[in-house]
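Enquirer: Using the sequences plus the hints, can you model the full thing?
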Amino acid sequence: MPHKIVSKRQLSEDVFTAEIEAPLVAQARKPGQFVIISINNEYSERIPLTIANADPKRGTICLIWQRAGKTTTELADMQQGDEIANVTGPLGMPTHIDNFGTVVCVGGGIGNAPLLPIAKALKKAGNKIISILGAKSKELLILEDDFSQISDELIITTDDGSYGRKALVTEPLKEVCLRSEKPDQIFVIGPAIMMKFCCEVTKQFSIPTQVSLNTIMVDGTGMCGGCRVEFDGRAKFVCVDGPEFDGHKVDFDLMMKRLNAYKEQEQQAREQYKKHRCKIGRDK
Amino acid sequence: MTDKDRQELLKQILKKQETEKLKPTERYEIPSQDMPEQDPVKRRDNVNEVAVGYTETHARLEAMRCLQCKKAPCIKGCPVKIRIGDFVSAISDGDFKKALAVIKENSLLPAVCGRICPQEVQCQQTCTVGLKFKDPTKAVSIGRLERFVADLDKNNESVPAVAVETGMKVAVIGSGPGGIVAAADTRRAGHDVTIYEAFHKTGGVLVYGIPEFRLPKAIVQEEVDTLTKMGVKIVCNFVVGRTRTIEQLMKEDGFDAVYIGVGAGLPRFMGIEGESLVGVYSANEYLTRANLMRAYDFGSGADTPIARSKKVAVIGGGNVAMDSARTAVRLGAEKVYLVYRRTEKEMPARIEEVHHAKQEGIEFHILQSPKRIICDENSYVTAIECLKYRLGEPDESGRRRPIPIEGSEFQIEVDTVIIAIGNTANPLIRQTTPGLEFNKWGNIVVDENCKTSLEGVYAGGDIVSGAATVILAMGQGRIAAAAINDYLAKKKMS
Ligand SMILES: Cc1cc2nc3c(=O)[nH]c(=O)nc-3n(C[C@H](O)[C@H](O)[C@H](O)COP(=O)(O)OP(=O)(O)OC[C@H]3O[C@@H](n4cnc5c(N)ncnc54)[C@H](O)[C@@H]3O)c2cc1C
Ligand SMILES: Cc1cc2nc3c(=O)[nH]c(=O)nc-3n(C[C@H](O)[C@H](O)[C@H](O)COP(=O)(O)OP(=O)(O)OC[C@H]3O[C@@H](n4cnc5c(N)ncnc54)[C@H](O)[C@@H]3O)c2cc1C
Ligand code: SF4
Ligand code: SF4
Ligand code: FES
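Just so you know, the protein sequences line up as chains C and P, in that order. For the first sequence, our numbering begins at 1 and goes up steadily by one. For the second sequence, our numbering begins at 1001 and goes up steadily by one.
Each hint should be verified, as a subset may be incorrect.
Okay, the calculated beta carbon distance ranges per label pair [stated by the list, open to error]: (1) P/D1486 x C/M1: 24 to 34 Å; (2) P/S1397 x C/G233: 22 to 32 Å; (3) C/R9 x P/E1437: 44 to 54 Å; (4) P/K1076 x C/A235: 37 to 47 Å; (5) P/R1188 x C/M1: 21 to 31 Å.
Just a few of them, taken from the derived set where beta-carbon distance is under 7 Å, the chain C residues facing chain P [to be verified]: (6) P23; (7) Y43; (8) S44; (9) N86; (10) V218; (11) G222; (12) M223; (13) C224; (14) G226; (15) R228; (16) K257; (17) R258; (18) L259; (19) A261.
Keep in mind the hints are simulated off the structure, nothing from the lab. Note that CB positions come from ideal geometry on N, CA and C, so glycine has one too.
Expert: Following this line, the structure appears as structure tokens:
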């Protein structure tokens, strides 16, 4: 059953969002879970995307994605009314939501998208929410309004200082950890390198830190083991044991290297697709 | 034997048979018919089926080798008890329709089983002719004959009859061989059947695990199409336990009975240093990328990448290991090593697969097993360090236990490692189905009718028996379907 794109918007230069028909997923989904989609046919790549939001009544889910390579670019080129061939989910373990007390939600780049439903649920559970959102520049910051609505405190950083503080998210994170009212729980979602450094900070303060990992996946049901990470010295499967893990025990260095396993082929796919876009007149 | 010789021989025998029956000694004299195969060098570069299939002459000659034993020891070796003597005799008579009908009484997927059943340890192991020659490969080639008649039926549009609608609903979870059979048999009884499949494509291991060169996907697709024509509904991209739970299917969606056929699931790793390095795959991942996602067509129609390997080590000695190694060859690897810690005699892979693998240039490293995987500064695999082994006393499985030889470390230079040492049960159904009983290995516990601890819930295939065979899964799908049909008949009466 194909899944219609009900609406689609561009959020920043490379970030898009769409509402997609997927009634069963919309009904079952909980914060922290994701879907695996493939766009055209049985030989399109299967890629995981977090369910940023869902409307069980309308039977739709909302995805937010960053144009990275072929598949996400192709998705960005699709329009309202187009159909996505396959949407599977919801996958992964839902986030453990509790009343922890004070929670810091740290989002980097596209990571704000998966972080938002978690932050919302945490707020609903009675937590005090301090959000720290980082982006390369003002134009690339997404979901600021949504976060400001649910945060008791919102700190924004940009790498180039074009908006908010000119800093990396680790700076304000450290300051918050140093406060007399020490946070009880941290959530960090963003590029692997950012999660790694945030975890190094929070480890010094022994504050429990959840991260959401974005390893390369195929099936998403625990069958292939391709998504495994080294966790506390053992292999864990991100699609079934995660995607969230205790960030203090994840081997981020190895994970980052595994993320690059297909660099050459991805480059090839991107170039081929670019040529194809030129031909069909989409590229300016 | 040339084709001409073969035809001549068949003519002679047929002539002779007009006046008298063949004596057993005459049957023994008919040479066993080899399977025509693609050239080993050419096939390294394509994914087409290796075994090309018998011609009519091959098939009739091979069938004439059967002695029509009264006790039919071959049938005892077949998990679904096909009336082998009868179908083989029909082939020798040239009545291929009848042969197929006999097979179909007990097996729904002869084109599949004829190709990939481990016949040498099932029906052909006990065949009198093989015993006579003290060589299981000289037994009557039951599987090849089964495939021959099944393939003749290829474009058959006939659809099995379906009884009047009962109004009862059956959910089949997983579209592997067990699920396909369970769906067909419950649908035939007139129930409203829906298959739920986690992947975007149906067929289970038959499409994501077993490669095209051994089992063409089109054959599996045809069986699935038949199900659709019978009125079975198929819902892909539906992960039971996540999209809906079994409880929801039964309590909210109105299903009266459920068959669980979710397969083996999680790949096993060795727990050695370096198993998560870049370039280390489980066989499941490697084969899924290659088969289901067609990574061999990357850039020309398929989007899923796979390592561009030059030197590959496959760890293991089963069918899955052979499939991985032979797939690596077809993906362009220059060297493929198969590393196994016992000897060739203990290898669980089919003899035919081992033979094909060797023909295709795969180098066997027996009595060796990796101790750690070594990488460069970017975490890319560069070598495996192995230990040498010797065989000790037999273990519980009856096979001689491999014992590492201390200090025998050595390295093999490779850029890719594929681990094919088996699977453990996928925990998803267990985590999401309260009340369902599992054993300590995580497999579902069933009785002789494939019934689980939950009312109306049946199970079969690898999730029950651990990694087993297609024909066993099919057999259990059939038993479960019969039990479901009984259960629903009773339920309807009450
Ligand atoms: C649980 C999970 C949730 C995610 N949620 C989001 C999200 O909400 N929004 C978002 O923009 N991105 C998300 N991602 C990442 C997203 O899946 C990748 O950006 C996407 O697959 C890239 O595909 P591509 O073909 O466009 O790019 P490619 O050029 O193929 O790859 C770009 C990079 O993406 C990664 N990648 C490639 N293939 C896969 C794959 N099959 N699975 C996972 N990663 C891959 C690799 O690191 C690669 O270097 C998530 C990943 C995971 C595991
Ligand atoms: C590489 C390889 C080679 C093999 N070679 C041979 C051979 O030569 N001969 C032989 O006899 N056997 C062989 N086998 C074994 C044989 O394939 C299996 O024993 C058989 O397929 C098991 O069938 P099954 O019915 O249990 O389902 P499977 O074929 O395992 O299929 C299970 C299906 O269920 C789906 N599923 C899983 N979880 C869920 C869920 N939660 N919700 C919905 N769907 C779900 C899966 O996606 C899959 O499609 C081989 C296996 C492999 C991996
Ligand atoms: S189904 Fe398998 S075991 Fe049975 S007769 Fe056919 S090939 Fe032999
Ligand atoms: S045991 Fe062999 S020879 Fe005897 S009936 Fe079976 S197939 Fe024929
Ligand atoms: S994606 Fe295959 S096991 Fe996680």
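Enquirer: Take the hints in turn and mark each one as holding or not.
Expert: Do the hints match the structure? See the list:
1. P/D1486 x C/M1: 24 to 34 Å: holds, 33 Å
2. P/S1397 x C/G233: 22 to 32 Å: holds, 30 Å
3. C/R9 x P/E1437: 44 to 54 Å: Check passed, 49 Å falls within 44 to 54 Å.
4. P/K1076 x C/A235: 37 to 47 Å: Holds - the Cβ-Cβ distance for P/K1076 and C/A235, about 42 Å, lies within 37 to 47 Å.
5. P/R1188 x C/M1: 21 to 31 Å: holds, 26 Å
6. P23: violated, 10 Å
7. Y43: holds, 4 Å
8. S44: holds, 5 Å
9. N86: At about 4 Å, which falls below the 7 Å cut-off, the nearest Cβ of chain P leaves the hint on C/N86 intact, so it holds.
10. V218: holds, 6 Å
11. G222: holds, 5 Å
12. M223: With a closest approach of 6 Å, the C/M223 hint holds.
13. C224: holds, 4 Å
14. G226: For C/G226, the interface hint holds, since the closest Cβ of chain P sits about 4 Å away, which is under 7 Å.
15. R228: holds, 6 Å
16. K257: Because about 4 Å separates C/K257 from the closest Cβ in chain P, which is inside the 7 Å limit, the hint holds.
17. R258: holds, 6 Å
18. L259: violated, 9 Å
19. A261: This interface hint holds because 5 Å falls under the 7 Å limit.
Against the hints set out earlier in the document, violations occur for numbers 6 and 18.
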